[in-house]
Each structure stands twice: as C-alpha cells, then as structure tokens.
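Going down the list, the protein sequences come from chains A and B.
Per numbering that gives the first Met the number 0, the first sequence starts with residue 0, numbered consecutively.
Per numbering that gives the first Met the number 0, the second sequence starts with residue 0, numbered consecutively.
Don't read these hints as lab results, they were simulated from the structure.
None of these values were measured; they are calculated from a predicted model.
Glycine included, each C-beta is placed from N, C-alpha and C at the ideal position.
Just to be clear, a hint being listed does not mean it is correct.
On the chain B side, residues computed to face chain A include the following (Cβ under 8 Å) [claimed, not checked]:
{"id": "1", "residue": "22"}
{"id": "2", "residue": "26"}
{"id": "3", "residue": "310"}
{"id": "4", "residue": "313"}
{"id": "5", "residue": "317"}
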Amino acid sequence: MGEQLDLLQGTLDLLILKTLALEANHGWGIAQRIQQVSRDVLQVGQGSLYPALHRLENKGLISSEWRSSESNRKAKYYELTRSGRSQLARELSEWRRMSGAIALVLDNA
Amino acid sequence: MKFRRIFRRSSFEPELESELEYHLELEFKKNLASGMSEQEAWRQAKIAFGGMEGFKQQCRELRFGRWFDSAWRDILYGLRLLRKSPGFAFVAVAILALSIGANTAIFSAVNAVLLTRWPFPHPEKIVFVSEDAHSQFGLSLTSVLNFEDYRRDQRTFEQLALWIGQSVNLTGQDRPDRLVGSFVTTNFFDVFGAKPWLGRLFLQGEDQPGGPYIAVLSYAAWQTRFGGDPRILGRQITLNNEDYAIVGVLPRGYTLPFESDVFVTAQHQTSYHRDRSTKEFVMVGRIKQNATLAEAKADLNTIAQRLAHDYPTENAGIGIVVTDFRQFLNQSVRKPLLVLLAAVALVLLIACANLANLILARGLQRRGEMVIRTALGAVRLRIIRQLVSEAIPVAFVGGLCGILLAKLLLPLLVRMAPSTFHDINIVLDGRVLLFSSLLTLLTAVLFAIAPAVQLSGTEGASALNSGIRGTIRTSTGSRVRAAFVICQVAMSIMLLVGASLLIRSFQKLMSSDTGLSSDNLLTMEYRLPRNKYTTPDAQAVFHRELALRVAQVPGVVSSAIVQCLPFSGNWGNINFIRGRCASS
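Taking the hints into account, I'd like the entire structure generated from these sequences.
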C-alpha cells in the first residue's frame, strides 16, 4: 500500500492540476470532478486530497482564495498559477512519455 | 509569498477547520440527494471523511513556517516554567551573567589589542629593525650615519625610515603642555602608506640639518589640542621653544603605531648628531612585497658586517634583528591576554556544567510529563528540541545581563590593567557583541543538551504504570550528575591553583626589596628647550633652582633632580669627567 500511495501521490498532483486547468474549484468540487470524469474509477479520499492541495499551494503551483460558493457560504477556491500551468504542461508530456513507453513494453516484450 | 504565511498563523487553524466542514456538508448533501436518510447521510459522510485529525496534522506539518511556530511555543512554555520557579531563574541568570560578562570583557580586550585591523596596507610588511642581536625587546637605537648606509645599500626594503618618540613642550597656547612627539625621516609616512588628511606630509630633503621647521599633527591632536581649527595649516606652534609651522594633518585612526600627537623631521631632535656614536633613533621599514623577513635580515646583516668592520669603535658587535611590528607591539601582552581568555572560558564551562546539573535535577521532576509527551507521539528529537528551546529564555536574559555587566565593569578593568592598555580603546563594539551573542547561544545549547538527552530517554510505559507521582529510578540520572560535579570540581581546582600562583608571584614582586622606599614619593618629568638653555651651565642653574623651589613648596620634605628615574624604563649615559660634574 505504501508504494502504491507514492505513485498515486505524484499522479494525484497531476490530476488536481489538470482539473484546475479548466476552472477554479474548491476541494470537494475537485474530488467530485475527478470521480465523474474517471467514471467512478478514481475516488480521491479526503485524507489524500487536502494534504495534496496544501503541498501544491506550498510549492506555489496553485493559489487559494475564499469566495462565496453556490450555497452562499464561504468556501476556499483553488486555481492554477502561471508556474502551475507550465508545471502541468511539463508533467503531462512526461506522463505521456512514460505511459507510452510502458505500453510499448507491455505489448511487445 | 510563502513567508507571509508564517504570520498568518492564527488564521490557519480556523481556515482549515472551515474548509473541511464545508467538504463534509457537501458530501452530506450528495448523500441526501442519492436517497439516504439524514442520519445515514451524515454517517456515510463522516466515514468517507476518515479520521480528521490525522490529515489535519498532515496539513499542519506541510504548512510553511511550522518550525518557527513550535520553537516559539517551546520558548513561551519555558518562560512560564521559569516564572513558576523564580529561585532557579535568579540563580541561573546570575551564574550566566557573571560568566558571560567575564568572557565579554576579556574578549573586548583581546579584540582591541590582538585583533585590531591596522589601517595600513599590508601591515605584515612593516618591520622594526634592531642593530642589537641580543637586545631584550628586539629593539635598539641606531645612529644617523649607519641608517643612511643601510638605506643606500639595501635591496629588500621599499622604504627604510627612522623614528624616535620624545615628549615636546608646547608653549604659546593658553597653558603649557607636553605633547607626545615623534621625530622622523621624511619617508616615515611612506612606510605606513599614510596619506595626509589635510595639507601635506614631509618632502624629501626636509630632514637634513638646516631643514625647515615644519610639523604634522595627528587627527586626535588637531581635534583635542587645537580644537579642530579649520585654519590649522600654516599655523605656528611653539615646540621646545622653537617655532614650527603646521603643514599637514593625518587622517583619523592613524596612530602610526605609537600614539603620537605631533610629527617633526628628525634633525630637530635634541640629540641629533651626524655621527656613528650617537644612537638615538629606531629603524622602521616596509619590506618589498616579494621579500621575506629572513631575506631582509640577511640583506641588512651584510651591510652591518661591513659597518662593523669599517667603524669598529662605534659599531662593534652589531647584528641585525628584523621584527614584524605588530608582533613587537603585542609581545608583552599577547600571552597574558590569551591566558586570561582561556581562564575565563573555563569559568564559562564550569557555569555550564553547574546549570546543566540544576536543569537535570529539575527535569527529573518532570519525568512524568516527558513520558506523556512520548506517548502522545513526540519523537525523541522533538523532546530534546523542546528542552533546548526552554533553555533559551534563561540564556537570553543571562547573556543580556552579562553584556550589561561587562559594559559596567570594563572601565574598571582597564584601569586595573597595566598602563599599556590605557591608550587602547577597549570598547564593546560590534564584533564583541556578536561574540557575546554567539557565546550565549552556544552556552544555552551546551547546558541544555546533556539533561535533554538524559530526560528524553524515558523508560516508557513502566514509568506510567508505576504511577507518575511515585519515585522514579534515577540511577542513570545520578551518574550523569556525578559526572558534571566531577568536571566542575576539576576545572575549579585548576583555576584556583592558577589564580593563587599568579597572586603569589605578584605579591612577591610587590614586596621584593628594591632598596628604596616609594612611600610618599612623587615624580615628574620635564624637558628643557635647547635653544633657551644652550650651555650645560645654564641647564645646571635651572635644575638647581628648580630643586630648591620645589623643596620650598609646603608639604615637600626634600627634592632632587635625576636624569633617569629608577624603574622608569629609561636609560642614558652618564659621563664622568674627572674634576668636573657633567649634566645634560
């Protein structure tokens, strides 16, 4: 479970960044979106979500802001910063490269 | 951007709380919408959430600046503990104040004397040259003609100059005064690379007999004796009853290297004679960049040998000694100062051991607290960090009191020190304060670390089980405390023995029979201007008159005139001519 968690941690960051690339969202919204788009395969637990969000904010890849939400309550919205955007592009290309390589090995080896 | 978050500490917790609550609400609503009952919806939401504290802690740990946070909390806790035991606090601060104060005071002396930055370029190239290989102080006097031979024939020096210090009478001001004067050759300032602050320095040829009556002032003399007169250049002053025109002022801080008020060219010195038997000057020089002390010595030695051969009566047995001038100036004080520094450092170590012992004793009462902290998840390092942080307020206050103590006592110490220290400006400058602060920090870590390591190694659950209030085995504790006491006793005995030996030596020196009694004895130095009292007879008359008049002052039992006062460090030649009394 430990190693899986490590892999998922880096990937989780990538998923969060991608989700925020479209529009700013709060923590719960991000988790829901990931779950929806992945057709319920990826369910992000709160235990991994919020630490990941704080880590990304520490690195300066996302920024946070308190806004009033749909239910007229104040919620913390996250959005992608400029360095976040370039990091996302970098990680996306890296991910595609890695998964492509792995696919090659699995298909042909 | 990140640093702002250190200061937004107080908003972090409620924000996190609020964010997680919101998430919980939305989860609850989602569950409601999918058809669960209210109760069920809440329960599912909470389960999905997991242990909140767990990842709240994770978020907290990720927060930038948490280190400062916990360290600051520990320090505040330490302060609270101190307030509860004022007796310990007082003793600890007193111990620290005394030891850190002593260290600060001695270090400021070391700083002023041994670590000064001389304002000259390449001070390591400046040397004193002595013609007497066996002289005690590495210094001896040279004659003018010998010097000119050295200067002409040498190949390893950039500059070779003459200097001698002598007091000069300053008259013609509101009251007569004695200034510290220096008689120098014109290239003396080049040895030190000094440039004038006002006016000019001496030009070549001005130090020959018949040369002009000009003087250069030091910055301090210009400010204090002449009130910083803006029109000082060209002003006439009367030194030794002769008129000199001031042509320049040196920059601030150039004491070159003796505290001289006024510089005058060599030929005006009262004993200046162009021969080889009158040895009145000290040779000082700047070696060439690529030459060494040994090369300079060898170079001058060949010339010296030749002089000894050519003029055997005056120059018999001369041998060159070349000394780095800083070494020469510091030689008498270097060792005692370093010994003092070591002694006072030992005192600090003793204080640290003492405090560590005290803290250990107090800490053993807090065993229960440590066990609970460990049970709650504190890592050993964390506990050690906490205990060290608690020691910081004590050290801080102690250090502050120490610095204040040093500042108060420093003038007193300087006055008790030998007179060589009186001219040097010993103050608590930036470097000394930095040293003090670092020392305080180091002390804090030192005296806290041993007890901290000791206390954090708990026996765990067994201590809890046996009841926190009950007596806890302190077997390891007492071994460590015994070790501290042993160290303290050893160091204290060392210091006590050293101190008592020094005191004994001093006592012996003071009580040794010098053959004369110095009770109720007052001495005074004076100099007669040579152009007013030209003949020895005139001088003899003055001396006799002076002795008589002083003897008539009420309260004086008897008076006498002597050329060289015993124990004054002066020496001179007395010529006895059969049938006549000679004086100078």
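Each hint tested on the structure:
| no. | hint | verdict |
| --- | --- | --- |
| 1 | 22 | holds, 5 Å |
| 2 | 26 | holds, 7 Å |
| 3 | 310 | violated, 84 Å |
| 4 | 313 | violated, 83 Å |
| 5 | 317 | violated, 76 Å |
In terms of the numbered hints stated before, the structure departs from hints 3, 4 and 5, listed from lowest to highest.
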